[in-house]
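S.K.: Going line by line, the protein sequences match chains A and B. Those letters in the first sequence? Residues 73 to 186, per our numbering, in order. Those letters in the second sequence? Residues -2 to 109, per our numbering, in order.
Keep in mind that the hints were calculated from the coordinates and are not lab data. Given the structure is predicted, the values throughout are model-derived calculations rather than measurements. Treat the hints loosely; a few may be bogus.
So the derived label-pair ranges between C-beta atoms look like this [as the list claims (entries may be wrong)]:
1) B:T11 with A:N125: 44 to 54 Å
2) B:G93 with A:A101: 15 to 25 Å
3) A:P186 with B:G13: 41 to 51 Å
4) A:V92 with B:Q38: 15 to 25 Å
5) A:K178 with B:R60: 21 to 31 Å
6) B:E50 with A:R133: 36 to 46 Å
For each residue, glycine too, the CB sits at the ideal point set by N, CA and C.
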Amino acid sequence: GENVEQHPSTLSVQEGDSAVIKCTYSDSASNYFPWYKQELGKGPQLIIDIRSNVGEKKDQRIAVTLNKTAKHFSLHITETQPEDSAVYFCAASRDGGSQGNLIFGKGTKLSVKP
Amino acid sequence: DAGVTQSPTHLIKTRGQHVTLRCSPISGHKSVSWYQQVLGQGPQFIFQYYEKEERGRGNFPDRFSARQFPNYSSELNVNALLLGDSALYLCASSLGVTGELFFGEGSRLTVL
Chain A
73 GENVEQHPST LSVQEGDSAV IKCTYSDSAS NYFPWYKQEL GKGPQLIIDI RSNVGEKKDQ
133 RIAVTLNKTA KHFSLHITET QPEDSAVYFC AASRDGGSQG NLIFGKGTKL SVKP
Chain B
-2 DAGVTQSPTH LIKTRGQHVT LRCSPISGHK SVSWYQQVLG QGPQFIFQYY EKEERGRGNF
58 PDRFSARQFP NYSSELNVNA LLLGDSALYL CASSLGVTGE LFFGEGSRLT VL
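Can you make the complete structure from the sequences, with help from the hints?
M.R.: Right under this line is the structure:
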């Protein structure tokens, strides 16, 4: 079955710097790749997603890139702010948008120091 | 509008007992999914229900079962609890089978 690896497990940056989180997946049939942010005591919240027919997607300070050949995708956060501090999860699905069944990475704890 | 609501928020059980967790989706959402999140790990898919029918099942033993009611709320049942069942159980809803997943804040189960 699908396996999603996520790196790094922890990431500490200064406010204003950029942060990059990388994920690789094993199932070449996966075609939907969302990113979730989970704050302490809360459920995960979708922040951005990308489908396999697109190489890059951007939403303000957040961007995601996808390399289908290498089977990896990355989250880029620019101009980080303290409120970006949270655990970030990547996920993959082969269901083309049927989001009930997502395979998640183990998460990256991002700390943004003021 | 209310988001996904789950109850109870915390509970403690002993090995061998059973537990029922409840989820109310966002109004108008017809799909509910359940995930287990062990401390320090990503959520792991357990079930998806859409229009009261099971649409998907993850790699969990038969001790885990779920159902969806006519009002689209859902229950997750776990029988014969094991220490390893201790986790945060997340419910997520979406408008249909496809669509953005909205997660609740979870039910934290501790098995002693």
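S.K.: Could you run down the list of hints and mark each one as holding or not?
M.R.: Evaluated hints:
The beta-carbon spacing between T11 (chain B) and N125 (chain A), approximately 50 Å, falls within the hinted interval of 44 to 54 Å. Roughly 22 Å separates the CB atoms of G93 (chain B) and A101 (chain A), a value that falls within the hinted 15 to 25 Å. Evaluation of the 41 to 51 Å hint for P186 (chain A) and G13 (chain B) yields a pass: the beta carbon distance comes to about 49 Å. Between V92 (chain A) and Q38 (chain B) the beta carbon distance is about 22 Å. The supplied range of 15 to 25 Å therefore holds.
The supplied range of 21 to 31 Å is met by K178 (chain A) and R60 (chain B), whose beta-carbon atoms lie about 24 Å from each other. Checked against the hint of 36 to 46 Å, the C-beta distance between E50 (chain B) and R133 (chain A) comes to roughly 40 Å, which is consistent with it.
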